[in-house]
Each structure stands twice: as C-alpha cells, then as structure tokens.
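Trainee: Each chain, letter by letter, is given below.
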Amino acid sequence: MSLARWMDRATHPQPAAGFAALEVKPGEWRELAQDVAAASGKLLALWGTNVAAQGDALRAVFVAPPRALLVTVALGDGTRRFPGIEDVFPSASRMQRAVFDLSGLRSTDPDTRPWLRHAAWPADAFPLSTDAMPPSPRSPLDDYAFVRVEGDGVHEIAVGPVHAGIIEPGHFRFSVVGEKVLRLEEHLGYVHKGIERRFTEMSILDGHRLAARVSGDSAVAFSWAYCEALERMSAIAVPGRGLMLRALALELERIGNHLGDLGALGNDGGFAFGLAQFSRLKELLLRAIEQALGQRYLFDFIKPGGAHRDLAAEGAATLGRCLDGIEAEARVLRGIYEEHTGLRDRFAGTGTVLPELAAWLGLVGLPARASGQPLDLRIDLPQPPYDALDVHRCVQHDGDVLARVNIRFDELVESLRLVRQILRTLPAGAHAVPARVPDTGSVGVGLVEGWRGPVVVGLEAGPDGAIGRCHPQDPSWHNWPALEHAVIGNIVPDFPLINKSFNLSYSGHDL
Amino acid sequence: MLKTLQQIARTGMVTEALPPPADEMRVGEALEARILELLGRALCIRQVDAGSCNGCELEIHALGNPIYSLESAGIRFVASPRHADLLLVTGPVSRHMEVALRRTYDATPDPKLVVAVGDCGACGGIFGEGYASCGAVSNVIPVDVVVPGCPPAPTRILAGILAAISRSPAQLGSRTNPARHLPGDRHGMRVKALEP
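Chains A and B are the protein sequences, given in the same order.
Quick note: the first sequence uses this note's numbering, first residue 1, plus one each step.
Quick note: the second sequence uses this note's numbering, first residue 1001, plus one each step.
No lab work stands behind these hints: they were computed from the structure.
A few of these clues could be false.
To be verified - With beta-carbon atoms standing in for the labels, derived distance ranges:
| hint | chain 1 | residue 1 | chain 2 | residue 2 | range |
| --- | --- | --- | --- | --- | --- |
| 1 | A | Ala132 | B | Gly1074 | 46 to 56 Å |
| 2 | B | Gln1006 | A | Ile491 | 26 to 36 Å |
| 3 | B | Ala1009 | A | Glu314 | 23 to 33 Å |
| 4 | A | Glu339 | B | Gly1012 | 19 to 29 Å |
| 5 | A | Met7 | B | Met1001 | 52 to 62 Å |
| 6 | B | Arg1102 | A | Gly151 | 30 to 40 Å |
| 7 | A | Asp111 | B | Pro1020 | 24 to 34 Å |
| 8 | B | Arg1082 | A | Glu179 | 23 to 33 Å |
| 9 | B | Arg1082 | A | Glu314 | 45 to 55 Å |
| 10 | A | Glu314 | B | Val1078 | 49 to 59 Å |
To be verified - Chain A residues, not near chain B, derived (Cβ > 10 Å throughout):
| hint | residue |
| --- | --- |
| 11 | Glu414 |
| 12 | Pro427 |
| 13 | Asp464 |
| 14 | Lys500 |
Ideal Cβ placement from N, Cα and C applies to all residues, glycine included.
Make a model of the complete structure from these sequences and hints.
Mentor: What follows is the structure in structure tokens.
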C-alpha cells in the first residue's frame, strides 16, 4: 500500500499548491496513518470536532512533502470512540488524551490518564462538546498517576508548577540515582485557559487576535496560520506587499527568539556575559521593530486580508541598520562561544537526541533540524511569499545542546539574510485587502514554519460569521516527549540547560 | 578571553535611567513609611506565571538586560516566594494554577506586595473568565498595583514595581538610580546605537 492510492481519493478544495483533503472511515484511519509514516510523513495536528449533520469527527493534518493532507474521520456510529495511532506516531498519544479531555472522543490507546484536564472540570464534562460547563469544583488538587521507578537508591525530585526562574508553569517528575536522571515524566496542562472554547465565542474575523496569544513568543506564526486558513476558506488573495510584510514579521520573530535563547543558553552554561550581550541585541532589535512597525512584539500585526500597517521607507532603513549591526556582533559572539572551552564542555554531548530517535518520535522544527531531520515548511511546502524567497536549509546532526545552539546561530544568519532580501524586494501596492466571512461549514488549514517549528491552525466556520471550531497546534506537542528522552543519563543540574535548548511552549501546548 | 574583554569594552555602559513610578497603577493602599524603609532599597521579586501566554514574561525578562538593568537598581528576582517581598504575577489565572498561586502567596512572608502584570492579569484580557480561567489576578489574591498592556513595555512594568514601593510622588525625588553611580560610567545613560 502507498500514500498514492489515498491521494487518488483526495480532493483539493484549497487553491494552494500541495494541499489536499481526504475523508476516511474509522476502519481506514490506522491504515492511512501507516501509509503516511511509510512515506516518511509526519503527523502535525489532531483534534476532535463535530460536523453538522454528520456528528463527531476526528481531524488530522499530516505533512509528507510535497504535500500536506487534511484528513477527516467521521465517527458517525455514536460510540464516541476511534482507533488510536500512538504506535505509528508516538506524539499522537498525548494528543489523543487531549481529544478526550476536551471533546469526549476516546481512542483505543491503553493510556487513558487525563492530559490537559486536571481538577478544573469533572471527567464527564467536555469543554468542546458540553454546552453549559458545570461550575469548577473548589480546587482539590488532582492526583496524577506518574510512572514509578523502583530500585536501590532511586528517589524522586518533583519540580513545579511554579519554577525557580521566569518560566512558564509545568511539572517535572525526575526519578534519579544520585545526580543521574533515570527517568523524567512531564505533567503539563497548568496554563490551560480554555482557548479553543473561547474561539467559539468569537467572530471569525476577530479570531486572529486570540490566535496571536496562544503562545506569545510565536504571535506572528499563529496569527499568520489563522489568517492563512481563513483566507483560503473565503478565497481572498493577500496582495504581494502584505505577504512580504508577513514574512518580514515572521523572520523578525525568529531573530528575536533566537537572540533571546542564545543569551539564555550561555547563561545556563555559566557564561553570564552571553546573556548580557544577546539580551542587549534583542532589546535593540525590539526597539527597531517598534520604530518600523509600531510594536515591540507583533501581536496584532497580521490581520485577515494582509498586514495591519505598512512599512515606511524610514522604518525599513532603521531595521536594515539595526540588523546589520546585530549580524556583525552576533558573528563576534559566535566566535567567543565557540572558543569558550567551559561552554563547549557544557554543550557538547549533553541532552542528545540521535537522528534515528528523532525520526521515530516525530520531532519537528528547530530541535528536529538539530537532529538531522530536515523538514522546514518554508522550503518543503512553501506558501507565498516563501515560494519566491529561496530559503537555505540549516541542518545539524549531533542532536545535542551544542547542535541546538549551532542551529540557532545558523538560522539567525539565514533570517537576517532573508530580511535583507525582503526589504530589498518589497513590492509596491496595497498591504491589505478587505477580509470576508467564509461560508458556514467551510474548513481551512494554515501552516506556518514558526521559530519553534510548524504551527498549524485548523479553522471551521460557524453560522453568522462565528467560529465553529478553531484548533491551534503548537510544534511543542511533538517535541515535549523528546525532552524526556534527551535527559536520560544526564545529571540533574544539566536539565535547565537541556530544557532551554529545546525552549518548548507551555501555553501553546496547554491551550 | 581577549575577545570577550574587547567585546565588553566595545559595548560600554548602556544602562538607562529608571522611569518615574506610575502612581496611577496603584490600586491598593499606599505603604507605610516604616515598611518602605524595609523594602525600598533592596527589593526581592518572585515572578509567577499563573496562566500567561508568555508574552509578558518576555518583557519581564527584558528588565534584566543591561539597558534596563533591574539588578543595578537594587531589585532582583529570587527563586522562592519565601525569599520575596513582592510577587509579580501574570494572568489570566488558570483554574489549574489557582491553588499554586494561592500557595505561593501564602509562602511569601509579610509584609508583601503584589503587582499584576498585563491586560490578562488586570482583567482576564482576551481570555476572560471561563471554565478554565479565573480571569484577573485580583480574583485570586489581593493586588496592590496593576500594570495594563499587552504586553506592557519593560519601562511600564518597572514603573509599576516602583509605584508599589513608593509612598507618594514627593518622596520619589529622593530615589535615585543607583546605576548612575556606577564607576566607570563615561558613556552616559543612553543606549549606544549599533554600528555595522
């Protein structure tokens, strides 16, 4: 069997290269997943929904370049159960548990522990399919069933949800012998604030504002993915200048986050100089962005139909000068990082995810490219304007902290080059066109390679200009499980460094 | 090592002056002078993300960069609420963080201050209140100062922190920026422009 026979059945409802939609029966779902895996495809998103007149359904987005596939599995038999694919795509396990917590659709996965639900709502209420949610119980803490490691000298260290630094909340349960980590188990969901249900209370032309706040460090990526889905559904063509301004914003977001991470990684490696230098460069970047585009962080820069505002010539010149300065300084700093034996000692061979493991776990984005997995949607499934931008691929193979540091340096330089190319080739014309409400029941998907990795937004139009369903999927869903593997055999004091080298999202994951 | 020292010398002193406290952000009672004397010169902050999108955290991180240089003003972030004078809380408070936030508050010794940061910390923001969100920080613990914004700029957060530890505008005149007295400040309190 191969993916090709499924493609014969697919439709191409979205006027974009590489996108196909496919409906399969529950009995075909696992077979399809196996064929996608055999074609080296990846699972990017999975969510439960309710389709008018058809009832419960499961939707998934796969990517197997040169195509992306939106799959709908109608579960019309009323059992509210579906076959699990966690043995084919390991990252599906937590996603399936979340589908049950939020939509009440249960997979056949034997792990039925709640994932996003702690104690805020009862187990028989489902925020995305129960109309009136019962009032929250007065906060008994929930008792999550961690896997116990037993043996001579094994003890547990519990960390979080409130961490010692300025970090998002989550819980880590380490099983250790001495200072060596035998096992890490993550427990997330602390910042679950009901984003998907909140979407259904919003107008579809406003939803990009909430999308931008799914994970604040990826505001551009999420708001763009949302708008891309919406614009496909309502057949709106964003003008060339608007698209280029979006790419400019996305690359600036990547540069800002990479600068922040490079400083924090130096600091976690015991080199405070790195934090001082890179955080200074990041501040100068944010100030230049504010001068050019009116905001330090581009939360509401992307809107349906284009960009919120245009870029003036002076703004472009300010940005260009700032980025030239950053490039020169970053080159000096890279030299310093590379020659610093203490940093090399902390980075090299720490927190390793070998390429074979990365492929099996379905790693995506930046940590995947540090472990030899080349997927970059800007190159492999380029949506405008990336089809005209000639992005160079950055890949490292060692899969350790050092490789994730080097990927950031490489991508920083590449994004600086792209921004220069964008500023040079920015077409004239309008930066936005009016948005339009799509037909009720229409479905769209947006796919954007954010700084962490592929960001997916699945959007379904409800009646009267409302959002029927909106599912944002952060790449961290696929990478959190890999962090559990990366720390095995490392020492506890290296965990903050390893964790920072992934820098995964809590808010984007917890929704 | 030589390159590192050269880079430090080339960067020079980039720290800017502190903003004035934003008294309009204060919602709680002003502090007694006696308490201000205890807190005013060396403030320890415990930051709590109680459900934020992580946007406010980016700007709180920025307070530590050499340009805002919070530590040179005698203010620092500490690892435990038991060491803290002030909780800097971002929201909306998720129901799953409600207990953790209350416990963090209870673990902070008196006298203590709470600054709620961001539109979500102020009122729930775009997330509002719902089955999984308690909304504003003040719905869960007492709040002294509210810093609105999405996200608020670092100078606004700093002005809010300073408002929490200042008693009246008149008193502010006596507060100086310790950074101003750092030795070797030959560059003045400004950010040097980057040159390619």
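Trainee: Which numbered hints are broken by the structure, listed smallest first?
Mentor: Violated hints (numbers, rising): 7 and 10; every other hint is consistent with the structure.
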